Amino acid sequence: MGVRVECVCGSGVWRPVRRVPDRTPSSLVKCPCSPPVSTPWIFPPQKYNADYDLSARQGADTLAFMSLLEEKLLPVLVHTFWIDTKNYVEVTRKWYAEAMPFPLNFFLPGRMQRQGLQPSRVVLARIEAKEDATLLGGPASLDAFVFSYLALLLQAKLPSGKLQAHLRGLHNLCAYCTHILSLYFPWDGAEVPPPRQTPAGPETEEEPYRRRNQILSVLAGLAAMVGYALLSGIVSIQRATPARAPGTRALGMAEEDEEE
Amino acid sequence: MSLVAEAFVSQIAGKVPFIHVGNQVVSELGPIVQFVKAKGHSLSDGLGEVQKAEMKAYMELVNNMLLTAELYLQWCDEATVGEITHARYGSPYPWPLNHILAYQKQWEVKRKMKAIGWGKKTLDQVLEDVDQCCQALSQRLGTQPYFFNKQPTELDALVFGHLYTILTTQLTNDELSEKVKNYSNLLAFCRRIEQHYFEDRGKGRLS
Chain H
1 MGVRVECVCG SGVWRPVRRV PDRTPSSLVK CPCSPPVSTP WIFPPQKYNA DYDLSARQGA
61 DTLAFMSLLE EKLLPVLVHT FWIDTKNYVE VTRKWYAEAM PFPLNFFLPG RMQRQGLQPS
121 RVVLARIEAK EDATLLGGPA SLDAFVFSYL ALLLQAKLPS GKLQAHLRGL HNLCAYCTHI
181 LSLYFPWDGA EVPPPRQTPA GPETEEEPYR RRNQILSVLA GLAAMVGYAL LSGIVSIQRA
241 TPARAPGTRA LGMAEEDEEE
Chain B
1 MSLVAEAFVS QIAGKVPFIH VGNQVVSELG PIVQFVKAKG HSLSDGLGEV QKAEMKAYME
61 LVNNMLLTAE LYLQWCDEAT VGEITHARYG SPYPWPLNHI LAYQKQWEVK RKMKAIGWGK
121 KTLDQVLEDV DQCCQALSQR LGTQPYFFNK QPTELDALVF GHLYTILTTQ LTNDELSEKV
181 KNYSNLLAFC RRIEQHYFED RGKGRLS
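If you read the sequences in order, they're chains H and B. Oh and the first sequence: position 4 is 4 in full-length UniProt numbering, straight run, nothing missing. Oh and the second sequence: position 137 is 137 in full-length UniProt numbering, straight run, nothing missing.
It is worth saying that the hints were derived from the structure and are not from the lab. No false leads were mixed into what you were given.
Derived pair list, reagent style DSSO-like, types lysine-lysine, alpha-carbon separation capped at 30 Å: (1) B:Lys110 to H:Lys72; (2) B:Lys110 to B:Lys179; (3) B:Lys121 to B:Lys179; (4) B:Lys39 to H:Lys72.
Note that the structure is a prediction, hence the values are computed from the model and not measured.
Excised from the complex, chain H in its bound form (with noise of 0.2 Å):
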């Protein structure tokens, strides 16, 4: 059927993943995480490993080029999510509080991005793109890498996208980036969400925890305010005998009546 990969985010959040399909090197899944990680180092290289069929000296290219993008594209790419404001407040910022639960998104996607500020300080210097992707035969680690910095870079709205303008100038690279997505992210190619298009999937699974999480949400609700009520002494309960019982009650009542 596929395998289903987690990934794990810098800041210790699991964000599953959807199943990809068999043939698809497991290091081009979709993370949001930032920076791109180095996925070749997380699967175990006997059965994941997306460099398999390449010979020593397409490695040894791979890993040059790796540090080519790690060097030059990653503080672009930090900068232009992180650290340029509008970008950060208007497609940043909403798109990791929409992924995190509740509490997280408030404080989470401003830690990140006081961590993306420090090393940013020491390691920016100039920032310039460089069009430095080949697809080595068939799609490889390196593949990986580059997509996943050359699609957060173009497929995100941004509103201040010098760097977007000018990497749509280079034509073959787009090309590059929409052929990897059709091949391996075809629901993404629409507008269309992806939840009206599977009939199962994640939206079903997550129906009954929102459910669950409104019941929980209103049952501590109106703890909270019994609880308050009973401690402040607007309705009381008195063990009286039955007879006085009523009378009790209604002096109860006159209490609450009187106070409101």
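Based on these hints, arrange chain B on the given structure of chain H.
Just chain B now, kept in the frame of chain H:
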């Protein structure tokens, strides 16, 4: 040039390597290459666009892995720092400047390591990264005399500079140079360049 004068010039330059041409001081490989190119000489003129991109990628690999590993070993390994680095770094300066500057540099390097994610790495992980880098370089070099066959390029200069330093610098542990020595073609590459370009300085330190 005496040691003190060199230290003074290197302070102006800020970083190594640097060249002193007339009354100009140019430091770091990138600016040096640009400077030489502006004078009309370039080692990588004969390369195509794809090869130039490959060359840049490999240079970044060397900077990313080898340079960082060297910095790590010098400044983040307590044994090396105590025995060699502090004394060597502070040697041109009088007391107490030698201690202050050495600690300041160490703090700066540790901060940089933390920023790029190397702060939590152990020495073994760093050595493994160096091994991977050397393996990649060895694969790329193969049996050729230089990385881009017959003519040396900036990549050859950079790789030689790093490997030669690693092989000839005495540290408290020799693990780093042992990692490089595992790859015979890299060793032969270094010897070849040393004999070809530096033989007028007397007996080579590698042979």
